[in-house]
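Peer 1: Here is what each chain is made of, one letter per residue.
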Amino acid sequence: MAMETSDPLFPVRQTTLCLDIQGNKTDIIVSSYEDHFLVIVTQIGSMGTILHARKEEGVSIDPTFNVAVVFGKRDEPMLAACARKLIEHISNSGSSKALVLSLGLRDHSMGTLKGIVSAVIEKLF
Amino acid sequence: MNSNGGVEIANQSMNELSIKEQEADESVQVTCFSEFSDDVTLHFQIIRLHKQIYAWIGCNSAKFGHLYAAAPTRPSNNVSVTSLIGGDSDNTGLGIARRLVLKTGLNIVLACNIPKNSPMLEAKAEKKLMEKLISLGYTMRKI
Numbered sequence: 001m002a003m004e005t006s007d008p009l010f011p012v013r014q015t016t017l018c019l020d021i022q023g024n025k026t027d028i029i030v031s032s033y034e035d036h037f038l039v040i041v042t043q044i045g046s047m048g049t050i051l052h053a054r055k056e057e058g059v060s061i062d063p064t065f066n067v068a069v070v071f072g073k074r075d076e077p078m079l080a081a082c083a084r085k086l087i088e089h090i091s092n093s094g095s096s097k098a099l100v101l102s103l104g105l106r107d108h109s110m111g112t113l114k115g116i117v118s119a120v121i122e123k124l125f
Numbered sequence: 126m127n128s129n130g131g132v133e134i135a136n137q138s139m140n141e142l143s144i145k146e147q148e149a150d151e152s153v154q155v156t157c158f159s160e161f162s163d164d165v166t167l168h169f170q171i172i173r174l175h176k177q178i179y180a181w182i183g184c185n186s187a188k189f190g191h192l193y194a195a196a197p198t199r200p201s202n203n204v205s206v207t208s209l210i211g212g213d214s215d216n217t218g219l220g221i222a223r224r225l226v227l228k229t230g231l232n233i234v235l236a237c238n239i240p241k242n243s244p245m246l247e248a249k250a251e252k253k254l255m256e257k258l259i260s261l262g263y264t265m266r267k268i
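These protein sequence lines are chains A and B, in that order. Here the first sequence is numbered in the numbering used here, starting from 1 and rising by one per residue. Here the second sequence is numbered in the numbering used here, starting from 126 and rising by one per residue.
Quick caveat, the hints were computed from the structure, so don't treat them as lab data. Treat each hint with caution, since some may be false.
Unchecked claim - Where chain B lies over chain A, by a calculated footprint (3+ residues, C-beta under 8 Å): (1) 7-14; (2) 32-40; (3) 44-55.
Model, not experiment: these values are computed from the prediction. Backbone N, C-alpha and C fix where the C-beta goes; we use that ideal spot for every residue, glycine too.
In isolation and in its complexed conformation, chain A is listed as follows:
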């Protein structure tokens, strides 16, 4: 169940969602700033690993993306893959906003990350 949780006069729109992913209670909060999306996904009560993903404006037709871990686990490629999927989706929907993604997860399995990506894309973007 997704909830819009800001008053219309506040410049940042937020949506919160609480759902079960692979047996773990997961809170997802998406905030939309002028130049960024912030997606917080937590199962552990804290932000966990934080990633920054940007689209690089280049000359070629296909955009390139830069994904970097700015806090937390730097050796989990699945987390970066999750960020990449989301920034790609953001770019495909016509926005050039960057993405700050926080993943505080109990497990980093493919199933969990796929569940997160589909929940975020389907219900919030």
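Take the given structure of chain A and dock chain B to it, following the hints.
Peer 2: Only chain B this time, still in chain A's reference frame:
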């Protein structure tokens, strides 16, 4: 008159209440507010997670700004703070994050787009945010 039944119902209600309290404790709380003064508008967004707080301070715009993380460092009372995004030459917000943790004992991730060289604005934003954190009951230290 069935007084035992009454006690049972009371116990059940108490159990339900404490479960709800626990769930409420563990659920995410989002607070947003804006402060208008002179010709500057400060926007504040506070997201409370069970073990961490994320806050965003916007000055006149909804740009994300720079991102910092700060936390108390055991066993001493020191605070560790680092900039995660931006904040290399312009560390407006770094001081705010550090002082918030110093006074509240919380683990904080702060995004802030206050322009550099605005110490008055910085101090005002910090004060407002601190007041709000206290009034929401999020702080851990005795201030």
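Peer 1: Determine for every hint whether it applies to the structure shown.
Peer 2: So, going through the hints one by one against the coordinates:
1. 7-14: holds (count 6)
2. 32-40: holds (count 6)
3. 44-55: holds (count 6)
The structure shown violates none of the earlier numbered hints.
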